[in-house]
Amino acid sequence: MPDISELVIGDVVAEKNFNLDRDSLVRYAGASGDFNPIHYRDDVAVSVGLPGVLAHGMLTMGLSIDPVVSWLGDSGKILEYGVRFTKPVVVPAKGRAVITVVARIAELDQETKKARIDLQTSFDGNNVLGKSQVWVQL
Amino acid sequence: MVNPNIQGKRYPRSATYLVGREKIREFARATFATEESIDLVAAEAAGHRDLVAPPTFPIVLQEFGLKLVIADPEAGLDFSRVVHGEQKFVFKRPIVAGDLLTSELSVASVKSLGGNHMVVFDTEIFDESNSLVCTAISTLVVRGEDA
Numbered sequence: 538m539p540d541i542s543e544l545v546i547g548d549v550v551a552e553k554n555f556n557l558d559r560d561s562l563v564r565y566a567g568a569s570g571d572f573n574p575i576h577y578r579d580d581v582a583v584s585v586g587l588p589g590v591l592a593h594g595m596l597t598m599g600l601s602i603d604p605v606v607s608w609l610g611d612s613g614k615i616l617e618y619g620v621r622f623t624k625p626v627v628v629p630a631k632g633r634a635v636i637t638v639v640a641r642i643a644e645l646d647q648e649t650k651k652a653r654i655d656l657q658t659s660f661d662g663n664n665v666l667g668k669s670q671v672w673v674q675l
Numbered sequence: 185m186v187n188p189n190i191q192g193k194r195y196p197r198s199a200t201y202l203v204g205r206e207k208i209r210e211f212a213r214a215t216f217a218t219e220e221s222i223d224l225v226a227a228e229a230a231g232h233r234d235l236v237a238p239p240t241f242p243i244v245l246q247e248f249g250l251k252l253v254i255a256d257p258e259a260g261l262d263f264s265r266v267v268h269g270e271q272k273f274v275f276k277r278p279i280v281a282g283d284l285l286t287s288e289l290s291v292a293s294v295k296s297l298g299g300n301h302m303v304v305f306d307t308e309i310f311d312e313s314n315s316l317v318c319t320a321i322s323t324l325v326v327r328g329e330d331a
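So the sequence lines, in the order shown, correspond to chains A and B.
Per our numbering: the first sequence = residues 538 to 675.
Per our numbering: the second sequence = residues 185 to 331.
Chain B on its own, in the form it takes in the complex (with noise of 0.2 Å):
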């Protein structure tokens, strides 16, 4: 199962991510966007520098930390149990292409539940300027071992 005491756990940064227009237009195409959400002149007239990342694709930044946690033997995160709970993004800008971000993951709470864990994972990411940019928040279901 999973380790409670890592509720409150900090992971080290990330390194840098380079948020790429084409990599906003792949993840774009792959959610089912449409070109018009992708297109650049209409990006600037709207008063953006460059491309708008799609709302969900902080979820790129988040897998980062969340690599972390699968790898750190304390944590005790049995990935072939988890169930994806809940997700959430909160954002205090846009990302736009050409945003030189990091991301830092830390476990918000560890409950049981009728045999299973859940886990919640708070992910920040910064800009260059380490300003917080957008929270992930996700929740983690971890099933027990006879569910």
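Just chain A, with the same shape it has in the complex (with noise of 0.2 Å):
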């Protein structure tokens, strides 16, 4: 568990990279019971007027908290978590998208020992979610 006293607003707590294919789409799709087509089918995608194929915003949002949960040790110590989702993550049919997660403190509170954290989630060079805060207790 980190110590909160350690801690500088600013500091960048977790940076990770992550891959999605459609594989890990239609995974997500089966474990959290979300069956859209526009998840897996490009022609469904299409149809809509999308550009692709898009993951999940809750695969985003889900796997953008894992390096926090990482950091902390224990997905017991989080409090809140609260996403915008800005711009879609389009997954190709061959190959992968990349999502880069980085983690930084964003405010701390000595009193009450808890933190937030503020997650940058880009993919693609553009921040897919926004006002991604998360509030740990530490």
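For the record, the hints were derived by calculation from the structure and aren't laboratory data.
For clarity, every value in this text was computed on a predicted model and none was experimentally measured.
Possibly wrong hints are sitting among the right ones.
Label pairs and their calculated CB-CB ranges [unchecked claim]: (1) Tyr201/B x Asn573/A: 15 to 23 Å; (2) Asp661/A x Gly298/B: 37 to 45 Å; (3) Leu544/A x Arg277/B: 18 to 26 Å; (4) Gln647/A x Asp256/B: 45 to 53 Å; (5) Asn573/A x Glu219/B: 22 to 30 Å.
Covered, in the sense of this in silico footprint (three residues per stretch, anywhere, with C-beta under 8 Å from a C-beta of chain A), are these stretches of chain B [to be verified]: (6) 212-226; (7) 268-276.
We put the CB at the ideal spot given by N, CA and C, even for glycine.
Grab the two chains, each in its own frame, and use the hints to assemble them into the complex.
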């Protein structure tokens, strides 16, 4: 467990790349129960005007917090986690989409030992989540 | 579009959902969690009764409520026009394998914004003793007919 007194606002506490391919989307569909075909069928995605098959927003949100959970060593320390979905992640039929997550300390409350961590999740040079904030108990 | 009169509407409580240890592992792996985060010995060493669910796991329970909204003719929610705008989870305590949960969705607000509708749903998740475990807050953007 990180020691809050040693943390400084702006510190990068975790950084990780994730490779998403179509298998990842099918696996998430099964695990979550979200079988919207825009997440695995090119013809359906195109027919509703999308640029291609998209990753589930909730998959992007779910993987983005993994580096913070690893840093904490206990996902039970997560008090609150919220995001805004700003850009879609297009996942090609062949190959992969690489998502980069950077987690930084944004706010520290030494008294209650709570910290806010802001996540920057990017794909293809763009941030795909906005206002991506995690409150943790340290 | 969406019927603005559903603001404030509460949908019936879901059936009981038993959080399974292997379901937690399946969901965790699907969201690229590390094996350490789904290690039983580590969870117990951290003081938990069993494995802790990943932070976005309550989405599974939120879905039960959303299905009721989609099936509700009064709501008029056309799911093919829906885009997920925002999502938040607020925990009173972590969800742990073995929990018997129920969820209840209510419509917090319906707003019009530039031809689109923004609908905010609150899903409260309770444990067996009816204590609040987590609130999932979801904002859906429903695109207008000409958007």
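Hint-by-hint comparison with the structure:
{"no.": "1", "hint": "Tyr201/B x Asn573/A: 15 to 23 Å", "result": "holds, 21 Å"}
{"no.": "2", "hint": "Asp661/A x Gly298/B: 37 to 45 Å", "result": "violated, 27 Å"}
{"no.": "3", "hint": "Leu544/A x Arg277/B: 18 to 26 Å", "result": "holds, 24 Å"}
{"no.": "4", "hint": "Gln647/A x Asp256/B: 45 to 53 Å", "result": "holds, 47 Å"}
{"no.": "5", "hint": "Asn573/A x Glu219/B: 22 to 30 Å", "result": "holds, 29 Å"}
{"no.": "6", "hint": "212-226", "result": "holds (count 9)"}
{"no.": "7", "hint": "268-276", "result": "holds (count 8)"}
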